[in-house]
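Engineer: Chains A and B are the protein sequences, given in the same order.
Using numbering that gives the first Met the number 0, the first residue of the first sequence is number 0, and each one after it goes up by one.
Using numbering that gives the first Met the number 0, the first residue of the second sequence is number 0, and each one after it goes up by one.
Treat the hints loosely; a few may be bogus.
Taking lysine to aspartate or glutamate pairs in the DMTMM-like style, the calculated list, with each CA pair at most 25 Å apart, reads [as the list claims (entries may be wrong)]:
#1 A:Lys-133 - A:Asp-52
#2 B:Lys-38 - A:Asp-27
#3 B:Lys-38 - A:Asp-129
#4 B:Lys-25 - A:Glu-120
#5 B:Lys-230 - A:Asp-648
#6 B:Lys-38 - A:Glu-116
#7 A:Lys-73 - A:Glu-47
#8 B:Lys-230 - A:Asp-646
#9 B:Lys-227 - A:Glu-47
#10 A:Lys-447 - B:Glu-224
#11 A:Lys-450 - B:Glu-224
#12 B:Lys-227 - A:Asp-646
#13 B:Lys-38 - A:Glu-126
#14 B:Lys-38 - A:Glu-120
#15 B:Lys-38 - A:Glu-644
Rather than coming from a laboratory, the hints here were simulated on the basis of the structure.
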Amino acid sequence: MTATGIGASVKRKEDFRFLTGRGTYTDDINRPGQSHAYILRSPHAHAEIVKIDTAAAQSSPGVIAVFTGADYDKGGLPAGWQIHSKDGSPMVEPPHFPLCKDRVRHVGDQVALVIAETYAEAKDAAEKIDVTYKELPAIISTADADKPGKPQVWADAKNNVCYDWHLGDKAATEAAFAKAHHVTKIDLVNQRLVPNAMEPRAAVGDYDRATGEYTLYTTSQNPHVIRLLMGAFVLQIPEHKLRVVAPDVGGGFGSKIFHYAEEALVTWAAGKLHRPIKWTAERSESFLTDAQGRDHVSHAELAMDKDGKFLALRVSTIANMGAYLSTFAPCVPTYLYATLLAGVYTTPAIYAEVKAVFTNTVVVDAYRGAGRPEATYLLERLVDKAAREMKMDRVEIRRKNFISREAFPYQTPVALQYDSGDYDATLDGALKASDWAGFESRRAEARKRGKLRGIGISTYIEACGIAPSAVVGSLGARAGLYECGSIRVHPTGSVTVFTGTHSHGQGHETTFAQLVSDTLGISIDSVEVSHGDTNKIPFGMGTYGSRSLAVGGSAIVKAMDKIIAKAKRIAAHLMEASVADVEFKNGTFTVAGTDKSVPFGTVALTAYVPHNYPITELEPGLEETAFYDPLNFTYPGGCHICEVELDPDTGVTKIVNFTAVDDVGRVINPMIVEGQVHGGVAQGIGQALLESCVYDEQSGQLLTGSLMDYCMPRADDLPNFKVATQSTMCTHNPIGAKGVGEVGAIGSPPAIINAVIDALSPLGVQDISMPATPLKVWQAIQSAPAKMAAE
Amino acid sequence: MHDFGYHRPASVADVAGLLASKGEAKVVAGGMTLIPTLKQRLASPSDLVDLAGIAELKGVKAEGGGITIGAMTTHAEVHRSAEVQKTIPALAQLAGGIGDPQVRNRGTIGGSVANSDPAADYPAAVLGLGATIRTNKREIKADDFFKGMFETALQDGEIITAIHFPKPEKAGYSKFPNPASRYAIVGVFVARTAGGVRAAVTGAGPCAFRSKELESALGGSFTPEAAKAVKLGADGFNTDLHATAAYRAHLISVMAARAVAAAS
Ligand SMILES: Cc1cc2nc3c(=O)[nH]c(=O)nc-3n(C[C@H](O)[C@H](O)[C@H](O)COP(=O)(O)OP(=O)(O)OC[C@H]3O[C@@H](n4cnc5c(N)ncnc54)[C@H](O)[C@@H]3O)c2cc1C
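With these hints in hand, go ahead and build the complete structure from the sequences.
Structural biologist: Here it is as structure tokens:
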């Protein structure tokens, strides 16, 4: 291993510009003649728009134009995935226009677009728009949305049901339940979360009359996807006339995957007004309009034999879509959720039913982990409860049901085929690192200090590296999910890498540079990674689902294979040898059995200055592009162990130890991998203890509409993490990488809640919901069957 | 934010004149509370009168055994002040627990007390120590100052110039922070003074208030156990997303016990 090669903790190349405030974010981009947009939003959760009077706004100082739904003459925002219900009918797909036509369906819905010389003028003018609403009753509750007699969000969606879907073998599952020795049941809520990327969403639309070209600068995780969706479906602009640039992006966590109304509006209006238009969300708008995450209500049952061996699992879940279908919303509670319900266990029969419902809330879509945290939380809470009811050790019941390391490839009863893993190894690693065996003495010591100490575990798996196009296509995806990588070797031997993935915190500019510098044997400083601009990058599907290294990195490897193959032919010519005899190692081409050698840089120069060149057989130049479409998902997994101490006087939970031992496949940069786990676990801690998005059930107003009420994790909420990787290699991509972006957020919440319940178990408490706030913990202690013994 | 006129007078005397002559003028101190309300367009004053240029409103000084803190003294300055740390360490500690470093370096004691946010920290100290609020017009006893949620005894055109805190024998403050905002869900300031024990609670009601129950229990025995034994009913306490009235009632005893334990 070299100091900057694969496996080295190279400091992030991109951090100089980020840490010195020199990044270029969408809001930093200013075009000549730029104007500013403000969007007037609905104050109501559900109302008819009776009348909009924009006259006063039109004549307000600085105003260039005011548009309402009546003016908007283009298409609606499409859903990128189609799910079919049990009965074969397609999901209900309501129209989603960037400006509401006749009805608003959630607080924050777009009612009018005001464009003015300055942002303040646009906002002042918006105050002068007179909208007459007829308020309608709203439906907010996920659990109640499909009950008869509730307010209806869409006339076409009877009882607010978008789809009623299932997966698995119902008959086999029922049969296994019929002969079960014991059945453990659980009811769980996976609460709604607000993603809260540090950088709010922003968009700058530009139109060049001279060329007829549109440019959209936007805070996106996948500019090509936005170009495709907005160009083809919404505004009907052909790709060659539409450029989408996602420059530096300050965090996404999924919320910047989707195509949003504001992107379409600034591009559309720029074309109408021949002025560049900038829109940047205020933090309150981010709360109201960024797609939110999770929001499941579930019931699950686990059938076991007398030894605690899992026989079958059945799950029914209601998933909240919000008022519309966001880009990938339909697949999150189906193919990214129910397919993960086998977990790391050999449960032979599984049946899951998922009902997606509309409510008068902002859309819900993928958020770090997307479906897999929901599956993991359900399963790992259920397994812990099963262990308690069966009076079995929590570790033993897991081990007994693990898919063994010899069993791979392993076909689950819910569609996936796991390629590799070693769950005993990650479990053993975590048990040791957390000193699980010594816990009871720590519990007793804490008790002497008046504290309730608990330990919790989760053994999880996830499916990522999204993914094989043919598979996702057969499951309803309306796009392919391969990735594209391009390698441009410059004449003097430096390299620009073009990737269709997008880095918004993940450190691709470093990881990919390591991969390339190591493979081509050139200095890491000679490698630049370029991403985020549809005019530079041939194509790409972007970054989400922990796919960048496993899929995007593999495309880069494939492109490098082509580069090396061509370079070998040039080197063979220079060394007057046969191509078959040329070897490439550490940046040098050699001929086996001779002392002939040519460095990579000479080959590069020869490719561009082809004076002595096999010109009749080979084109000059050294640039290659590859598309990589994997054969399977990747399956990171591992074990998270959390140790907490509760203060019974206040209900405060303090995480005193957190151990994560993850199998993420090949690690290119251990520091970045650790950072990804830290960030993911921080978000998992946020979900487990702090964060909850709350709407008023009657009015539909967002009660947690700012950081004063929505509690994000801060540094002092977090312990020092013990993080390690214990990897098996992915068997089907050229790197062996599985992905690490989401594991922290997937594996941690159940470990934390299981620890809180363990701490409360001496009092007979069996359940606590997320987030386990001080209030909830205190209330659980107050109403516990057993009281705290006097100190 | 709507447009407004901006004035930066150099003396307290000029403030009154500006406030009287401008239609809907408001004073701005650190702006930590006021600016966000302007940005959200919840308030649209015609003019802002910035107190930052008035030297006489700044600083901490010893006075009559106690300390006097100018209205424009920031939370960070109070926290770091050797004078405050020596005379009333609990007050320095309280100031150091307000918000985050940015807020502490901008927010002022005058702005906090004038605002009477139900969850603010300073009002507990002002009441708990029996401080005196000095204005450009008069002196107001702490017990007469806090009138309700965002309501005080200040009249139109009246500004706080300083707050005088007498030195207690012993005092302590403990707050249970709102996990999101870190304002007080419940904060209790206890002081043993020559005139008896005072215990003031913030976060639990419409504004800071003194707890008779705590004061009589601690008057009998100034110990954590005595504080913890006080059981308050939930009636009249705030309920919100983060805490119920019953939880707040319970936390008052717990925080009071911790404040007594920490008192010095
Ligand atoms: C993120 C955040 C966290 C916070 N956390 C806490 C916390 O934990 N605990 C806490 O107690 N507070 C907290 N605060 C509030 C903070 O302490 C404010 O600084 C304080 O409430 C107001 O002080 P200011 O100097 O900023 O006043 P400003 O915002 O300038 O003014 C507030 C109000 O007081 C009036 N005013 C200001 N000075 C005077 C004066 N001398 N005389 C008369 N009227 C005056 C103004 O007209 C205005 O109405 C927090 C604030 C923020 C933004």
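Engineer: Against the earlier hints, flag every one the structure doesn't satisfy and list their numbers going up.
Structural biologist: 9 and 15
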